[in-house]
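Visitor: Below, each chain spelled out in residue letters.
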Amino acid sequence: MPDNANASSLTAVHDHHGEAHAAHNPALLHHFVEEQQQRDAASLGMWVFLGTEVMFFGGLFCAYLVYRRWYFGDFAAASKTINMSLGATNTAVLICSSLTVVLAVWAAQTARKALLVSMLILTMVFGLAFLGIKGIEYKDKFEEHHVPGASFSFENVPIPGHPGQFANPRHAQMFFSLYFVMTGLHALHMIIGLGIFAWLLVMAWKGRFTPEWHTPVEIGGLYWHFVDIVWIYLFPLLYLIDRHP
Amino acid sequence: MWSWLLTTDHKRIALLYLISITFFFFIGGFFALLIRLELLTPAGDLVQADTYNKIFTMHGMVMIFFFLIPSIPAVLGNFLVPMMIGAKDLAFPRINLLSWYIYVIGGVIMLHCMITGGVDTGWTFYAPFSTSFTNTKIVEAGIAIFIAGFSSILTGLNFVVTIHRMRAPGMTWSRLPLFIWAHYATSIIQLLGTPVVAVTIVLVAAERALHLGIFDPKLGGDPVLFQHLFWFYSHPAVYIMILPSMGVVTEIIACFSRKRIFGYHFVAFSSIAIAVFGFLVWAHHMFVAGISVYSALVFSFLSYAVALPSAIKVFNWTATLYKGSIRYDAPMLYAFGFLGLFTIGGLTGLFLSALGINVHVTDTYFVVAHFHYIMVGGAVMGYLGGMHFWWPKISGRLYPEGWARLAALIVFIGFNLTFFPQFILGYMGMPRRYYDYSHMPEFQVLNVLSTAGATILGVGYLLPMVYFLWSMRYGKPASDNPWNAAGLEWKTASPPPTFNFDEEPVVTWEAYNYEELDAPHKEEVPVAG
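Chains as they are written, first to last, in the numbering used here: chain A, 17 to 261; chain B, 248 to 776.
Derived by calculation from the structure, the hints in this document are not laboratory data. All residues carry an ideal CB built from backbone N, CA and C; glycine is no exception. Do not take every clue at face value.
[Claimed, not checked] Over the 10 Å line for every Cβ pair with chain B, so calculated as not near, a few chain A residues: (1) His47; (2) Tyr154; (3) Phe196.
[What the hints assert, rightly or not] Cβ-to-Cβ under 7 Å is the rule here; a few derived chain A residues that face chain B: (4) Trp63; (5) Val64; (6) Val82; (7) Gly165; (8) Glu171; (9) Asn172; (10) His187.
Please model the entire structure based on the sequences and the hints provided.
Guide: Given below as structure tokens:
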């Protein structure tokens, strides 16, 4: 912002904007010169935060990829026992929720309050549906004794494509360890996302968002998209290791 | 009291950080003292082996995660980044306050962990010892460090956004003080590195608490993978500690030699280069861990490469000093101390990048001495130099210059006496982390020297704390710009008003315009007679 502007005229513009908008918009915080600066800061802040999230999940993906390469057969066998159709359904659910988020942002930009509220609710419904389906999957794994720990059992499961060979239970347990950590952390991010959207919903209900100021919807949406994208990578890596028609 | 605990003013948050990190510095220092006392005699007579393991672990964890990493960024950076770029505050003042609370929560958990038993793995948490064998409080220490890590991430995030979005009109990227460039590079490392160590600690804690199999070779896991993930953060973390210090030293050297920094752009971009290269050298901590010799060769080469930007800085500082009108005030003494000690630390780092020497001195006191020259000789010297340089701005008072020079001298002597003997000890083969060296009593003389040095160093660290506190009440009031320094932070009151500047500054000059600053003075010199 400061680079490309003539200094003195910029100051003049600030003053004008500051007075004009301070009256309208209590959302402009004292330490920003103008709304544009505040919006840019919030948006850059979220992008930078998502960068740290990429690294956070990146460590997990790295560990997963190393072991998947080492123990491919065992991982493929273990992967076959998780429910691909539930995973695929969840992928569809999340993609739909991304659409509703985009519509919510558009509704905020164009001052359609009813649409904004309903899209936020719909997004949360999709989010809850995702977590519900995930819960069913976890319950299945629990009943099949595929949760790592003392009661873990993975005996005599054949390795796909290698008749007569059985998966090493210890290595299958590593698959499930990573499966639970990765999908668990992803689910935690979903829960946080639901919290953010609940707050956005309250704000939208009260009519706080205007076409001039709806930054929380935008950066909340960015966060939601990011969590979706993580799932877009988790699904093929965990569910589709060695599937053939 | 509440006005402090609920403040969103970056300057007050900086002071909250100052108090908390000083507290942890003295806890870490206490553990260091115990280590040095134990090593005074060859026999293990002060503490038991298990206790000694816990002592050096807690020393490392407290000093690294709760003192060095937040030291300059969270105190001086917090105070100065908005002021140097002419902003009223950081971009996210509430997140800034949140980061302090997160730090305190992490710190309290760490204290609880220490009081109720501590950890004995060394600060590195190596698996599978940490995941399956030790029965100390790994999970709790992990939680403490995980939480403190988020404080570091939020600080970095705030700095990056602030530097991008909050600069005053006319404050272009090439007019930024190099302190800002250093903090920008530091923030990038904090942002990209910290999440990786966070997730690694999550995995260790999950493996330990929930019996997942990830790093334990018994379950098919790979302990070397743990080391890769750990050092992917923890090597760049060294640059989190040293880069801000380099920024401080740059400011001090320009001010006290009254000169423009030689090669501004080289110094600026060498900070970024250090941040980038710093991410590509982590496996030099693992040369004896069983990695392939080819990858060891590559990492050895890259470790040499990371010395280049550091050397660029040292040469540019030296060139700045050349023909400057140098004043030997306390901040400059620390800067000189930094130059010498960082150079020794950096050059011994090159020894360690060489595969042959590395294998010879791995896990000896040579390594211990090397990283203390960087972290204490480098980072802490810069921190103290910066605290003296900006103390008049922070407190509005002058510290007693004579005492400060004396303290700088004591720190320098004490430091070298503590750690130089450790280079020799390590090269002769004394392993690190031993509490009992009774089968090699010939090492005692050097260990006694080192312990004596540590005592002197301790006095050197206590002195500034005493006279800083003293000056808050009895020091002479400081003018706005007692050093006649360049930089926006000196163009406002000492201490600065809540929003830093009475009116938004407009920048039309380059950083370090000392020639211009001093020019009017020359004209004013009265003709003799």
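Visitor: What hint numbers does the structure not satisfy?
Guide: 1, 3, 4, 8, 9
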